[in-house]
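Chemist: Protein sequences appear in the order of chains A and B. Residue numbers for the first sequence follow this note's numbering, so the first one is 1 and each next one is one higher. Residue numbers for the second sequence follow this note's numbering, so the first one is 1001 and each next one is one higher.
Since the hints were derived computationally from the structure, they do not count as laboratory data. Just so we're clear, the structure is a prediction, and the values are computed from it rather than from any experiment. Fair warning: there could be bad hints in the mix.
[Unchecked claim] Ranges between beta-carbon positions, derived for each pair:
(1) Lys89/A - Glu1316/B: 22 to 30 Å
(2) Gly1307/B - Gly2/A: 24 to 32 Å
(3) Glu1098/B - Lys89/A: 37 to 45 Å
(4) Asp375/A - Ala1057/B: 42 to 50 Å
(5) Ala1297/B - Asp58/A: 28 to 36 Å
(6) Arg154/A - Gly1050/B: 43 to 51 Å
(7) Ser15/A - Ala1297/B: 55 to 63 Å
(8) Asp106/A - Glu1207/B: 17 to 25 Å
(9) Trp1208/B - Ser15/A: 49 to 57 Å
[To be verified] No more than 27 Å apart at the CA atoms, straight line, and that leaves these computed lysine-lysine pairs for BS3-like:
(10) Lys1066/B - Lys1159/B
(11) Lys162/A - Lys1314/B
(12) Lys1314/B - Lys89/A
(13) Lys105/A - Lys1312/B
(14) Lys162/A - Lys1312/B
(15) Lys292/A - Lys270/A
(16) Lys1229/B - Lys99/A
(17) Lys1314/B - Lys105/A
(18) Lys256/A - Lys327/A
(19) Lys1229/B - Lys1159/B
(20) Lys51/A - Lys162/A
(21) Lys256/A - Lys162/A
(22) Lys89/A - Lys1229/B
(23) Lys99/A - Lys1312/B
(24) Lys89/A - Lys1312/B
(25) Lys338/A - Lys290/A
(26) Lys1229/B - Lys125/A
(27) Lys1314/B - Lys99/A
[To be verified] One side only, chain B facing chain A, incomplete, derived with CB under 7 Å:
(28) Pro1311
(29) Leu1315
(30) Ile1321
(31) Asp1324
For each residue, glycine too, the CB sits at the ideal point set by N, CA and C.
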Amino acid sequence: MGYAEYISEFETLVSRYVPERSSWGPPEQALYGPTDPYRVPTEEANDLCFKAVKFQFDRHYHHNRMYHDFCQEAGVGPEDIKAYEDLSKIPLIPNEFFKDCPTGKDFALWLGNLYTGELPQIRIKGTNPSADQVVSAFNDAGLFVLFSSGTGGRHTFTPRDKRSFDMNEYAMAKGVAAMFCPTWNPRMNGYLLLPNPFKTNLFAGKLATIFYDIMNEVESAVDRKIDTELIRLTMGDGKGVKGRMIKYISKKRSRKTIDDIISWIEQNDKEGKGMAFVGAPFLLFSTIKKLKEQGRSFDLGDRGAVLTGGGWKLHEDQRMPESEFRKDVESVLGIKPKNVIDLYGMVEGNVWLTQCPEGHYLHIPNCYVYPMVLDDSYRPLGYGKLGRFAFLDGTMYSYPGFIITNDRVRLLERCPVCGRPGPVLEPGVTRVPGKESRGCAEEVRKIISVDMKR
Amino acid sequence: MTTLAEIKSNGYMPQRAYLRLMVNGGLSLSKVILLNMRELRRLRVVPADGERYNRPARQYEVPVFKEGMRSCSSREKYLRPTLFCDPHDPVVVAIAHELGAFQVSDRQFTENAYHFVKERMLLEERQINDVRETLMRGSGTCFHLITAFIALCRCAGIKARYKIFAMNMIRSWYDVVIQPDPFIKKWYDSLGYFVLEGEGEVLVDGEWLVANVGPEAEWQAATGTTITKLGEDSIGNWFNAVPGTMMRMESLPYGLKASLDLLHTIAPGSMERVNISMAAQKERGRKILIEAGGLEAYDRLARARQGPRMPKLKLESRDQITFDG
Chain A
1 MGYAEYISEF ETLVSRYVPE RSSWGPPEQA LYGPTDPYRV PTEEANDLCF KAVKFQFDRH
61 YHHNRMYHDF CQEAGVGPED IKAYEDLSKI PLIPNEFFKD CPTGKDFALW LGNLYTGELP
121 QIRIKGTNPS ADQVVSAFND AGLFVLFSSG TGGRHTFTPR DKRSFDMNEY AMAKGVAAMF
181 CPTWNPRMNG YLLLPNPFKT NLFAGKLATI FYDIMNEVES AVDRKIDTEL IRLTMGDGKG
241 VKGRMIKYIS KKRSRKTIDD IISWIEQNDK EGKGMAFVGA PFLLFSTIKK LKEQGRSFDL
301 GDRGAVLTGG GWKLHEDQRM PESEFRKDVE SVLGIKPKNV IDLYGMVEGN VWLTQCPEGH
361 YLHIPNCYVY PMVLDDSYRP LGYGKLGRFA FLDGTMYSYP GFIITNDRVR LLERCPVCGR
421 PGPVLEPGVT RVPGKESRGC AEEVRKIISV DMKR
Chain B
1001 MTTLAEIKSN GYMPQRAYLR LMVNGGLSLS KVILLNMREL RRLRVVPADG ERYNRPARQY
1061 EVPVFKEGMR SCSSREKYLR PTLFCDPHDP VVVAIAHELG AFQVSDRQFT ENAYHFVKER
1121 MLLEERQIND VRETLMRGSG TCFHLITAFI ALCRCAGIKA RYKIFAMNMI RSWYDVVIQP
1181 DPFIKKWYDS LGYFVLEGEG EVLVDGEWLV ANVGPEAEWQ AATGTTITKL GEDSIGNWFN
1241 AVPGTMMRME SLPYGLKASL DLLHTIAPGS MERVNISMAA QKERGRKILI EAGGLEAYDR
1301 LARARQGPRM PKLKLESRDQ ITFDG
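Sequences and hints are given; from them, build the entire structure.
Modeler: This is the structure:
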């Protein structure tokens, strides 16, 4: 099967995430247009990226008062962005901003004022609504307010409209499908090493919604409702009877998760089915560890694929070397390293970087993402330098997706291993010193491992 | 004679949060005094051979008041005279006139007054007094300097008020203000929130702008903070407000003067040591500014160190968001 046929099968399955072609603007052209987001010739990619980012910048500048004032303070307006090279002038928002939100009714107003454009009618109950009540009210109105990274005690909250959420899902799945070609197929069964996307607004869970469309049968490791309150209680500051009960239940369930994963592998292996593991590497690592202890292994070969994401922390002070992980996956599950791919993304953007199977460098979808690496004074550095990752997201309609992260990366103009034309990040993204660890996997790890280790 | 109605409407009576802080601060102070009588006796005076504080000379000439210099005569809230803050005092009027009162835009005048107080008046621990005395001396605590700024703005017909809160300070401030004196340190450490801090707020073009006029540039350089501008807050920068203690006031309240007087009576030596420490830090700050290549160069560096700029999000009501309850 050639790539065209392969990706066409994918496109059919995800058609509900793609708007009518006649309605496409520059962001849609940049995201949905290319058949392989990582193989667009540089000049064409830059042109698509410029149009998409410029479109979003104009939109947020004119329809988001906060961002308009921010740009005016920086002395940058749409008239200053005339060519691709000007994109680096666009004012960037530190990701910390999305953590700095008030409580109660003010939280609802914070979300409402952060949002670009017309909000739907949102009705919030209670005199002093909790964060979960506000999030539910927004989402009941058709939005996708997602939260993340409560690891430092403060959640990141972002409001997406349906269009932006769909673009997020599509962007992630398309990148993964492109890199996994030809291993992925819709007959594969999937195991999400993540919370059930239909039972949470946690980004680490919700992002996996699209996997229910592109795989046959999907199970999830954390099949319970997860909200900020449960995270708070599970992560340790939940005292009293309720907190203790939740921790007890959580502990019981967590221990069972690894056994469930092993049973799932056995069952699918017996039936000769394809298997995809998607999510936190920590959980698969624990599964492999248990299988090793039991002296067992599988030979899934090309029937198996592993898609990890969200960080490589094993314990509070121990990181898992990615190459070791791939070796373990091969020796215990029989899945080749080329089919073990890591994904880099975050709740603040629709930006998904996918590792290439050849060299495991993180490829940037430069048709709709303008990447930057910043020095300590927040000025752009060139290629090859180590610095803070920042990006301009050309697909984010609901708030300005022009973000400075706390991740320390090295940006390269080309992948030194594979022939794909776009820029890449070296594998092994780390946190800027002084910033707490975060990432989807870190959240899942915390939720599950805190109890497993007790 | 101030009437009861005036006391109430001008906000001379302390707010509940303020009273709570005073009670807690008083109890804490009493405890520290009782448990440290001997040390207090030793610390209340600076030894004869010890370093003394010499107030630097005033950094500006006080202009002469002349007939025809105007001041805003409105009795409206935030424009009228309040405790220790008489915007009609001839010294205030003369300085306001020199800064452009009724000659430049409100925005420009506010900037001028901000820079005058922040850059030419000195931070110094001392008892509360009338604004005239503060301007004649050219120095004072943050409350003196805020009062000077507020008086100048009110004189020019620009509404201005106090924002007062209990705070926790960053380490570099603690090392200079609290650490040098064991008595102050014990008091601060025993409760952590007795130290009240304030800022001015001024209404320009329909928006309340914060004005942190207290620390001079040299002081900010010594503590590693940015050189703040009009509209930039000390909260989140070098102070954190203790939750539930933020108060906005038209006037300094009754009781503030008495509590500072008490502190200066009990521990004059401690106050002097804080002033000596601050003076030494300002000298250090001067050197830091020179080494950095000047004020602007230092500020650029400090801002870069502090992290990227954050957007400011105003919590405005949105028609589409409704609350039941």
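Chemist: Against this structure, judge whether each hint is valid.
Modeler: Here's how the hints hold up against the structure:
Between Lys89/A and Glu1316/B the beta carbon distance is about 28 Å. The supplied range of 22 to 30 Å therefore holds. At roughly 49 Å, the beta carbons of Gly1307/B and Gly2/A sit outside the given window of 24 to 32 Å. Hint check: Glu1098/B to Lys89/A, Cβ distance near 41 Å, so the stated range 37 to 45 Å holds. At about 43 Å, the CB distance of Asp375/A to Ala1057/B agrees with the hint of 42 to 50 Å.
Look at Ala1297/B against Asp58/A: about 35 Å separates their beta carbons, and that is inside 28 to 36 Å. At about 47 Å, the beta-carbon gap between Arg154/A and Gly1050/B stays in the expected band of 43 to 51 Å. The hint said 55 to 63 Å for the Cβ distance between Ser15/A and Ala1297/B, and at roughly 57 Å that hint holds. Taking the beta carbon of each, Asp106/A and Glu1207/B are about 19 Å apart, inside 17 to 25 Å as hinted.
At roughly 52 Å, the beta carbons of Trp1208/B and Ser15/A sit within the given window of 49 to 57 Å. For the suggested pair Lys1066/B and Lys1159/B, the alpha carbons sit about 24 Å apart, so the restraint of at most 27 Å is met. For the suggested pair Lys162/A and Lys1314/B, the alpha carbons sit about 25 Å apart, so the restraint of at most 27 Å is met. Proposed proximity of Lys1314/B and Lys89/A is supported: the alpha carbons are some 24 Å apart, at most 27 Å.
A distance of roughly 18 Å separates the Cα atoms of Lys105/A and Lys1312/B; the hinted pair therefore holds under the 27 Å criterion. The straight-line distance between the Cα atoms of Lys162/A and Lys1312/B is roughly 26 Å, inside the 27 Å bound, and the hint therefore holds. Simply put, Lys292/A and Lys270/A have alpha-carbon atoms about 19 Å apart, close enough for the 27 Å limit, and the pair holds. At roughly 25 Å between alpha-carbon atoms, Lys1229/B and Lys99/A fall within 27 Å of each other, so this suggested pair holds.
Note on Lys1314/B and Lys105/A: the hinted pairing holds, with a Cα-Cα distance of about 14 Å set against a maximum of 27 Å. The hinted pair formed by Lys256/A and Lys327/A meets the criterion: a straight-line CA distance of about 25 Å does not exceed 27 Å. Proximity of Lys1229/B to Lys1159/B is assessed by CA-CA distance (about 19 Å); at most 27 Å being required, the pair is judged to hold. Distance hint between Lys51/A and Lys162/A is fulfilled; the C-alpha atoms sit about 22 Å from each other, no more than 27 Å.
A threshold of 27 Å between alpha carbons decides the hint, and for Lys256/A with Lys162/A the separation of about 35 Å lies outside it, so the pair is violated. At most 27 Å may separate the alpha-carbon atoms for a hinted pair to count; Lys89/A and Lys1229/B meet this at roughly 24 Å. This hinted pair checks out: Lys99/A and Lys1312/B have alpha carbons roughly 13 Å apart, not beyond 27 Å. For a cut-off of 27 Å, the pair hint linking Lys89/A to Lys1312/B stands: about 19 Å separates their Cα positions.
Using a Cα cut-off of 27 Å, the hinted pair Lys338/A and Lys290/A holds, with the two alpha carbons roughly 23 Å apart. Only pairs whose Cα atoms come within 27 Å are accepted, and Lys1229/B paired with Lys125/A is rejected, the gap being roughly 40 Å. Among the hinted pairs, Lys1314/B with Lys99/A is consistent with the structure: their alpha-carbon atoms are about 16 Å apart, no more than 27 Å. Using the Cβ-Cβ criterion of 7 Å, the hint placing Pro1311/B at the interface with chain A is satisfied: the shortest such distance is roughly 4 Å.
The beta carbon of Leu1315/B comes within 4 Å of a beta carbon in chain A, closer than 7 Å, and the hint placing it at the interface holds. Residue-level restraint check for Ile1321/B holds (minimum Cβ-Cβ distance to chain A is 5 Å; threshold 7 Å). Hint on Asp1324/B holds. Least Cβ distance to chain A is approximately 5 Å, under the 7 Å limit.
Going through the hint list in order, the structure does not satisfy hints 2, 21 and 26.
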